[in-house]
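K.L.:
Given these sequences and hints, build the entire structure.
Protein sequences, first through last, are from chains U and E.
The opening position of the first sequence corresponds to residue 2 in my numbering, with each subsequent residue numbered one higher.
The opening position of the second sequence corresponds to residue -9 in my numbering, with each subsequent residue numbered one higher.
Keep in mind that the hints were calculated from the coordinates and are not lab data.
Idealized CB from N, CA, C, for every residue including glycine.
Fair warning: there could be bad hints in the mix.
Straight-line Cα separation of at most 25 Å, SDA-like style, residue types lysine to any residue; simulated pairs [said to hold, decoys possible]:
| no. | chain 1 | residue 1 | chain 2 | residue 2 |
| --- | --- | --- | --- | --- |
| 1 | E | K152 | E | D226 |
| 2 | E | K269 | U | L115 |
| 3 | E | K269 | U | G126 |
| 4 | U | K436 | U | R447 |
If you want the ones that stay clear, here's a sample from chain U, every Cβ over 10 Å from chain E, calculated [unchecked claim]:
| no. | residue |
| --- | --- |
| 5 | A11 |
| 6 | I19 |
| 7 | I34 |
| 8 | F292 |
| 9 | V318 |
| 10 | V385 |
| 11 | A444 |
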Amino acid sequence: MVNLLRLPGARFLSHLAIVFVIWAALMRINDGIDPLMSYYLALAAMYATAMFGMVILVGLSGQVSLGNGALMAIGGYVFALTSLNWQTVPILGWQWNPIWSMIFAGFGGIAVGLIIGWIGARLRGPYLAGLTLGIAVGIPAIATRFPEIFGGETGLMLTVPYPTGGYAPTVELAPIDEAPLDEVPLEQAPLEQAPLEQAPLDTETAGAGDMLTADNFPSAESSPAAGDMLTADNFPSAESAPSVSALPSDVALPTDIDPIAGGDALLAGGAFVLERWQASLAVTAACIIGFLALNLVRGRQGRVWRAVRDDEVAAAVSGISPAGSKISAFVVSSFFAAIAGAVFAQIISYVGPGAFGLGLSLSLLVGVVLGGRASLGGAIIGGVLLVALPQLVFNIAGDRGWPANVTDNAPNLVYGLLVVLVVLIAPGGILGSLKDGTRRLLAKSRSAK
Amino acid sequence: MTTFIDYVLGGLGSGAIIALMALALVLIWRSTRVVNFAQVGQAMFTTFIALSIQTWTGSWYIALIGALAAGAVLGVIVQYLVLRPVKRNDTSGAIIATFGVLIALQAAAGMIWPGGSQAFPQPFNNSGIEFAGRVWPISIYDFVVIGITALLVLGLTLLFTKTSLGLSMRAAAFNPEVAKLSGVRVSRVLTFGWALAGSVGAVAGILVAPVSTISPNSFDILLVYAFTVAVIGGLDSLIGAISIGVFTGLIISLVSGYSDSGNAPVVALLLLALNLILKPEGIFSHHKARSV
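P.N.:
This is how it looks when you write it as structure tokens:
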């Protein structure tokens, strides 16, 4: 019998199928959950996008990077600057479109990845960690240095363009414009998991698949501001988007995302539409990047990275250039990080040095180590962890009635201790331990027979 | 020209502090081949302890001694609980683990000492000295900082060159197997190295606190400077850490003076990148950092 997986292109097609199924499932889930959960989904997908690059860089190619948060800053700033300043594509003269900004952000990431990879590929362990640490601190400092271009400490605000129609709620919002904002009935405010009763919210939505095609993705300047979407001057504070207080602050570990602020943004009007759009954008980007990563990791390049990580000399003898392999890992992870940064900029409608600080870089490392640095699934687990763990710890600490300073710091303490424990006890992370566990169980059941 | 001299003098104190922190990194690298990225976290923690002691007893000297002791204890704890169990060939793991310690220490400090940035009382007069008809940008406190740094460097040099403990430390760092065969208790010597480095870092922390403020994250930038200095100096060399540390303090002071203090981290990054491109093994080292 012909082994179907051996046919040319079969692996490519199987990867495509896997990613498509995941994408379709997540888009379906996104339609069914309340907006706050959509916001978390968007963040988790964005973290996963960046951590696909971390898996390749740290796990496969064995180079510890603390600077990927700064590489995300490159993507975010390129996205913000191009979409704020350019009306048409240079030279070609085409109408501007956020997709162009994403593409330019990716190119920016590749360019910076080449430079850092060129310096970093020749360095080992601590030297590389130190260089990337310098980058994590230095690049946001550059943004602060040139306020006239990058907006300084305050950063740049973005009006995130998103398609009209699509996700606009149909009926439910009508009563809100009468009621004063703070008296909006509580069941409408999706605090935590409370699912919305109003199911019709997510029906009548445009096919999610059309979402990113160029023609219904309005260009930056033609698209209405987020609030206008709801046809309403009658919406009081129409400036939607997660409020600024939801931004990761200096220590941008994602613990700082304040569920209450998210709730406020939801009440503020257009956010019902916005969060779901953000999640579909982030999920789509994560799936495209994940598909690229899957093909790289399971293909020839993945073997090259692993070979160089395990034994540079042996790899060189087999005709692989160790330096080239390391640089390519940097370029790929930098490209992924830049795309994630562009998505991040759209999720928080903002780019600034505080959002892309050392904390973000560290949390990417934490996430990928906890999830499992050896495979792409670890990045997905890491993305979910970075969003869910702080909430979980917050809730536990909050239930106990601990004072604010303890509650606020509890997630980071858990992160730090978990990282140490994982390195000591389960270097493969959660995914690696699960794999080991199932393998042991299988072996046991086999020997029992 | 007088402004130039002013900036140079103003940079001496901060240079000495950066040098001390780099020295702590170098001490650990020499003994265990690990860059302890948690060093500034440990220093921050011990400085908070020192602050508590100082508010309790009112004496800066007792606080200093307390910080020294706490630094040594914390160094031993980190080495025993975290670094020793890490597998020997897992360099990525060791680096990541030290960052885990850093994150945990910062969170713990935020829990124990709430309230964000706190001022550390000035133990000595920190305003410029008046001499020969003008005010110089160097204070009594700067002299204390420089003096303590010099004393520490002198003490460490004597320890490494004149004592048998120093000899066994050098032997354990140079070749642990042979040292063990020659009767050196390598693991005990390594632990002593971590305690020593913890104390040196604690001194750097308590010295820098009065001129800045202290909060769980306030030493992050010091980590970047100290690492830059340690790498440029060669990671192996005490002399390198000290001289490059003071030099970097001067550069930072000059850059901040002539342009803007926001440029200092960028300049440090440029220095680091330049060094890693041209001479990655560092100026004072014979070891090889570049492998390809």
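K.L.:
Can you list which hints this structure breaks, lowest number first?
P.N.:
none
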